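Chemist: Take a look at the letters that make up each chain.
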Amino acid sequence: MTLVLEQLLNGVQYGVMLFLLAAGLTLIFGIMGVINLAHGSLYMVGAYAAAVVAAKTGSLWLALPAGLAAAAAVGMAMELVVLRRLYDRDHLDQVLATFALILIFNQAVTILAGRQPLFVAAPAALNGSIEIVAGLTYPIYRLAVIAVGLVVAIGLYLLVNRTRAGMLVRAGATHRDMVRALGVDIRLLYTAVFGLGALLAGLAGVMAGPLLAVQVGMGEQILIMTFVVVVIGGVGSIRGAFFGALVVGVVDTLLRAFLPGLLRQVMSGPEADALGAGLSSMGVYLLMAIVLLIRPKGLFPAHA
Amino acid sequence: MTLLAIAGLQKRFGGLVATDDVSLEVQAGEVHALIGPNGAGKTTLIAQLIGQLAHDGGEIRLDGERIDALAAHQRVRRGLARTFQITQLLTDYSVLDNVALAVQARQGHSFRFLREARREASLRAPALALVAEAGLAARAGARVADLSQGERKQLELAVALATGPRLLLLDEPMAGLGPAESAAMVEALARLKGRIAMLLVEHDMDAVFALADRVSVLVYGRLVATGAPQAIRDDARVRDAYLGSGDA
Amino acid sequence: MPDAPQRSFAALAGVAALMAALIALPFLAKWAGQPALIPLASRILIYAIAAASLNLALGYGGMVSFGHAAFFGLGGYVVGVLYQAYVGDARVFGLFPGTNQLLVTLPLAMLVSGALALAIGALSLRTAGVQFIMITLAFAQMLFYLFVSLKAYGGDDGLIVRRRNVLFDLDARDDATFYFFCLAAATLVFVALWRIVVSRFGLILGGLRQNETRMEAIGVAPYRYKLAAFVLSGMGAGLAGALMANLLRFVSPDMLHWTKSGELMIMVILGGVGTLFGPLLGAAAFIALETFLTAWTEHWQLALGPILLVVVLFTRGGLHALLARLSGRRS
Ligand SMILES: Nc1ncnc2c1ncn2[C@@H]1O[C@H](COP(=O)(O)OP(=O)(O)O)[C@@H](O)[C@H]1O
Ligand SMILES: [Mg+2]
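Top to bottom, those sequences are chains A, B and C.
In terms of our numbering, the first sequence is residues 1 to 304.
In terms of our numbering, the second sequence is residues 1001 to 1248.
In terms of our numbering, the third sequence is residues 2001 to 2331.
Since the hints were made in silico from the structure, they are not lab data.
Just so you know, these numbers come straight off a predicted model, no measurement behind them.
Some hints here could point you the wrong way.
Some, not all, of what chain B presents toward chain C, calculated at C-beta under 8 Å [claimed, not checked]:
#, residue
1, 1050
2, 1052
3, 1076
4, 1088
5, 1089
6, 1097
7, 1101
8, 1102
9, 1105
10, 1112
11, 1163
Residues of chain C placed beyond 12 Å of chain A at every Cβ, according to the derived structure [stated by the list, open to error]:
#, residue
12, 2006
13, 2020
14, 2096
15, 2099
16, 2101
17, 2118
18, 2132
19, 2155
20, 2287
All C-beta atoms, glycine included, are put in the ideal place defined by N, C-alpha and C.
Using the sequences and the hints given, assemble the complete structure.
Modeler: The structure is reproduced here in structure tokens:
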């Protein structure tokens, strides 16, 4: 039972990371209508900036602002130089232009930081584990990640639902032309939303440092998952991104944790492990396909 | 003889009832005008009739047969055709292509892969005749993207006619036309009158009174009156709801 | 502007010249002492088949599939699995024997990929827009992970096809021979695509790309035509995958990776979306870029990225449009 609980927490923690990326991606798509494959690159930029600063200074508390600033700066530059030209283009152009950005970012980072993965230690204050229920000790760092994610989710909810800027964002997601007609400086709104999305992606990247190896390609791996989340949740919907992220995070984690074991009951060890790994990787895609077949616009469509 | 019979038709968009319990008949050969202020639900009604919007209640019969479960393309095969208020044309194709494709669709399935469709006389000849009838002969080879608004409206009608309809659903065919183009459109519709039944949505009252056998008035999704043009013109409720509003 | 008969004569002459050049290529390469150009040219032809097939769905039909690597890779695996059974004297799924006959493996690859495209397309075409892009990606990812996990077919490492398939007794070990197989296949595919896009079916497909509402209103059922185009497109990609497995004498999940779908899309857009020869130009440009840039730097994608970006942002219609503009200026 504690094993299941532990994996559930792992799933929530993964889901929270996915949410940080998905929230930005879904707003960017909902408001600007742009499919941004390079969103994962911002996550990578945040992770690398933080890892490098942490290695130089030894302090993750300095690494955090560095990662956020790098991701936000790169994100805004990306919006100004490239994405702005894509708002009125079709999906194909958007996919390819941002695919090109991925190639550029990956190679640039390889040249700057090398091919070797970087490892980052969690800050001392968050090291170690605590016992949350009898028999289950859980890493404090992961709990902190979950907490940060939930705080961001609540903050975003308040921002989007309780402030004037949020009202514009919501209106922008459902009635793009109306917001334009209201005479709102749409460019400023776009850049701000993009900056916010980049900031959140950078935050996810910084937090991923102590959990994963920081390496080229980390962006694409999580990007595809993030798209799954956005599409399951409903494009343009923060609420959808939140629930979608938790569902995807938990389903993916549980499948990976338990499917090989279940298969081992019916076949030999190595084969079960290989098949289990493959099938559990397929799980979320299957989930997404099923959701789309039942609700072609996702669970919480913003453009109702 | 009743060609189209609508009973209790309804469409909701969230809380908004766009068509509310609409019942209406169109006789064979009749020109039945449908008027009403902007947002009354006229376009919605046409989309429901052709099957491009699912209805939330009521029934539609063509020649006494229920057609409301059929998909749009099946209803077109049964003799319904529509034009669009905001033109919906294949803008990368030529004028002739647009019409020829409708002729092609009428001839059955298009799972034919070998012959070059633009050289098939059985498609091009009837299409060319329709294009000429629409007064677009000189523009037959032009890309639709290069057409004027008036030419597009004429092409809309030619494409609809190419499907061989028994009932034409016309969504504001005169909207956006200049006086001369409007007159030409009225004349074109007058030529069709008697051969093809029409449900004519139009704001141009001169056109409506010149063409219509009967007029129905739709306000906020509800049908408030149906009758002969003269009677509708004199109906106080209609004046209040519509003609008096200065919308015409 | 030249009139129609003149233009079609010019087009015919252009195609004839292209064909002559492609036939002469292996002889010229050998004569120039550059035999390595021959497999390179085969690679271009194979990618041209895949990209042109994708272009039928994407360029002509407006279906932005981000999952064509699935059909490409599956076609490759058909060759690999049949070969594995053939040399191991085993039965595929315990049902039928393996083979190394090109005239069996290629059509079978097309059939299997087409069947997969039928299944994926039937489901995916219920969505549109970004959802369609993502669901096709999702299905391709499923297939990728499936093959990664299938140890019987080599898992991550893939399958080695020690010797290329044969055409009756004709061995394709010689690169030039195999090149001519590829050229024959590419010719067939391009002729077929050319017929398809000007046929009744092709015009319907183009109409659906431009305006589905309009097509419904003239009595066309969009779904079945889009699905048919998607299946044809998948079959072409499967053929290309089968040829690629022969060229490389190797298949692996790499062929199913989502970046492969991206590369095929890049070739289409580099060359010119919705044009017959655009994908050939795009494949040639992509492979040439890859080859020359890799020789120059291991970070070749750093150069590819900006080139691609410039093509997408600033050229309308890719290389095909560029060539048309240049030749238009000349005449
Ligand atoms: N797809 C839709 N979603 C939500 N509301 C719609 C939609 N289409 C139309 N409406 C609303 O339904 C009402 C009727 O619209 P419409 O049929 O276009 O009116 P008309 O053609 O008479 O001007 C309007 O209030 C319009 O805003
Ligand atoms: Mg209207």
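Chemist: Each hint: holds or not?
Modeler: Hints, verified against the model:
Annotation: interface hint on residue 1050 (chain B) holds; nearest CB of chain C at approximately 7 Å, less than 8 Å. Contact between residue 1052 (chain B) and chain C, as hinted, is supported at the beta carbon level, the nearest pair being about 6 Å apart and thus within 8 Å. Here the hint on residue 1076 (chain B) is kept, as its CB sits about 3 Å from the closest CB of chain C, short of 8 Å. Interface restraint check: residue 1088 (chain B) against chain C, minimum CB-CB distance 4 Å, threshold 8 Å, status holds.
The interface hint given for residue 1089 (chain B) is met, as the beta carbon of that residue sits about 6 Å from the closest beta carbon of chain C, less than 8 Å. Hint status for residue 1097 (chain B) relative to chain C: holds, with the closest Cβ pair at about 7 Å, below 8 Å. At its closest, the beta carbon of residue 1101 (chain B) sits 6 Å from a beta carbon of chain C; the interface hint therefore holds under the 8 Å criterion. At about 4 Å, the closest approach between the beta carbon of residue 1102 (chain B) and any beta carbon in chain C falls short of 8 Å, and the interface hint on this residue holds.
Interface restraint check for residue 1105 (chain B): the shortest CB-CB distance to chain C comes to about 4 Å, inside 8 Å, so the restraint holds. Hint status for residue 1112 (chain B): holds, given a least beta-carbon distance of 4 Å to chain C, under 8 Å. A hinted interface residue such as residue 1163 (chain B) counts as satisfied when its beta carbon comes closer than 8 Å to some beta carbon of chain C; here the least separation is about 5 Å, so the hint holds. Here residue 2006 (chain C) stays apart from chain A, with its beta-carbon at least about 33 Å from theirs, past the 12 Å limit.
With a least beta-carbon separation of about 33 Å from chain A, residue 2020 (chain C) lies farther than 12 Å from that chain, consistent with its non-interface assignment. Every beta carbon of chain A lies more than 12 Å from that of residue 2096 (chain C), the smallest distance being close to 24 Å; the non-interface claim holds. Residue 2099 (chain C), annotated as away from the interface, keeps every beta carbon of chain A farther than 12 Å; the closest lies near 27 Å. Distance check for residue 2101 (chain C) against chain A: the nearest CB is about 31 Å away, which clears 12 Å, and the non-interface claim stands.
Residue 2118 (chain C), annotated as away from the interface, keeps every beta carbon of chain A farther than 12 Å; the closest lies near 15 Å. Remark: the non-interface label on residue 2132 (chain C) conflicts with the geometry, its nearest Cβ contact in chain A lying 9 Å away (cut-off 12 Å). Not every Cβ of chain A is farther than 12 Å from the Cβ of residue 2155 (chain C); the closest lies at roughly 6 Å, contradicting the non-interface assignment. The beta carbon of residue 2287 (chain C) sits about 16 Å from the closest Cβ of chain A, which is more than 12 Å, so the claim that it is off the interface holds.
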